[in-house]
Amino acid sequence: SAVISQKPSRDICQRGTSLTIQCQVDSQVTMMFWYRQQPGQSLTLIATANQGSEATYESGFVIDKFPISRPNLTFSTLTVSNMSPEDSSIYLCSVVDGGAAEAFFGQGTRLTVV
Amino acid sequence: AQSVSQHNHHVILSEAASLELGCNYSYGGTVNLFWYVQYPGQHLQLLLKYFSGDPLVKGIKGFEAEFIKSKFSFNLRKPSVQWSDTAEYFCAVASTDSWGKLQFGAGTQVVVTP
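Chains U and C supply the protein sequences, listed in that same order.
Residue numbers are given in this note's numbering: position 83 of the first sequence equals residue 83, and the series is strictly consecutive.
Residue numbers are given in this note's numbering: position 28 of the second sequence equals residue 28, and the series is strictly consecutive.
Wrong hints could be hidden among the right ones.
Below, in silico cross-link-like pairs of lysine to any residue (SDA-like), each with a Cα-Cα straight-line distance of 20 Å or less [said to hold, decoys possible]:
(1) LYS101/C - LYS61/C
(2) LYS101/C - THR112/U
(3) LYS101/C - THR44/U
(4) LYS101/C - TYR25/C
(5) LYS71/C - VAL29/U
(6) LYS101/C - TYR57/U
(7) LYS61/C - TYR25/C
(8) LYS78/C - PHE61/U
(9) LYS65/U - THR112/U
(10) LYS101/C - PHE61/U
(11) LYS101/C - THR74/U
(12) LYS58/C - THR56/U
(13) LYS61/C - THR44/U
Keep in mind that the hints were calculated from the coordinates and are not lab data.
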């Protein structure tokens, strides 16, 4: 299994600012993903974080708003840029362990934009 | 359009009662199916998964799910719940081509009363 650490676990931010969320995995993984869970809603995939290349974004999400870095096989960051109250959500990092055929999730970052 | 529907948003039941949570999906192509659970204050955990083979799959903590291809369903069951089963349950679907990219249902909040 993979153990995922996300930082920060929660934050309250002013509108118009940016927040970078870190995801650290205890083993090398090929695939890393970022999800968003808006209040009262389910998880929605934001993007696939690709090591050594640009992230692949899902429909409705763009790089300018959610830039992602993946410098190596154990680490990724998601930045929420120019935040508005609508960005208040829980952001989760997920990794896939191909051997276990399972996706693992971090504990999430609870973001509140005021 | 691809979608995952969970029939109940909120379920309350007593200990020892049986639990069944419905999940239907609309997805082109072959899929892998998952049920995840999120206990209060904890991260998402995999309950069980279906990739192929026996459509009745058994997971952790006494849970099982049945894949019925003709009905596009993957319902979760537990014969006798415990108070510790209080949690939110998510059904998720992924294409076999990119099974790490999960599409989640809206989730079902299950409350088990003593």
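Hint-by-hint comparison with the structure:
1. LYS101/C - LYS61/C: Status violated; Cα separation ~25 Å.
2. LYS101/C - THR112/U: violated (26 Å)
3. LYS101/C - THR44/U: Holds. LYS101/C to THR44/U sits at ~10 Å (cutoff 20 Å).
4. LYS101/C - TYR25/C: This hinted pair holds, its Cα atoms lying about 15 Å apart.
5. LYS71/C - VAL29/U: violated (35 Å)
6. LYS101/C - TYR57/U: This hinted pair holds, its Cα atoms lying about 11 Å apart.
7. LYS61/C - TYR25/C: The hint is violated at about 24 Å.
8. LYS78/C - PHE61/U: Roughly 37 Å between the alpha carbons, so the hint for LYS78/C and PHE61/U is violated.
9. LYS65/U - THR112/U: At roughly 16 Å apart (the allowed maximum being 20 Å), THR112/U and LYS65/U satisfy the hint.
10. LYS101/C - PHE61/U: holds (15 Å)
11. LYS101/C - THR74/U: holds (18 Å)
12. LYS58/C - THR56/U: Violated - the C-alpha atoms of THR56/U and LYS58/C are around 34 Å apart, more than 20 Å.
13. LYS61/C - THR44/U: violated (27 Å)
The structure fails hints 1, 2, 5, 7, 8, 12 and 13 (numbered hints given earlier, in ascending order).
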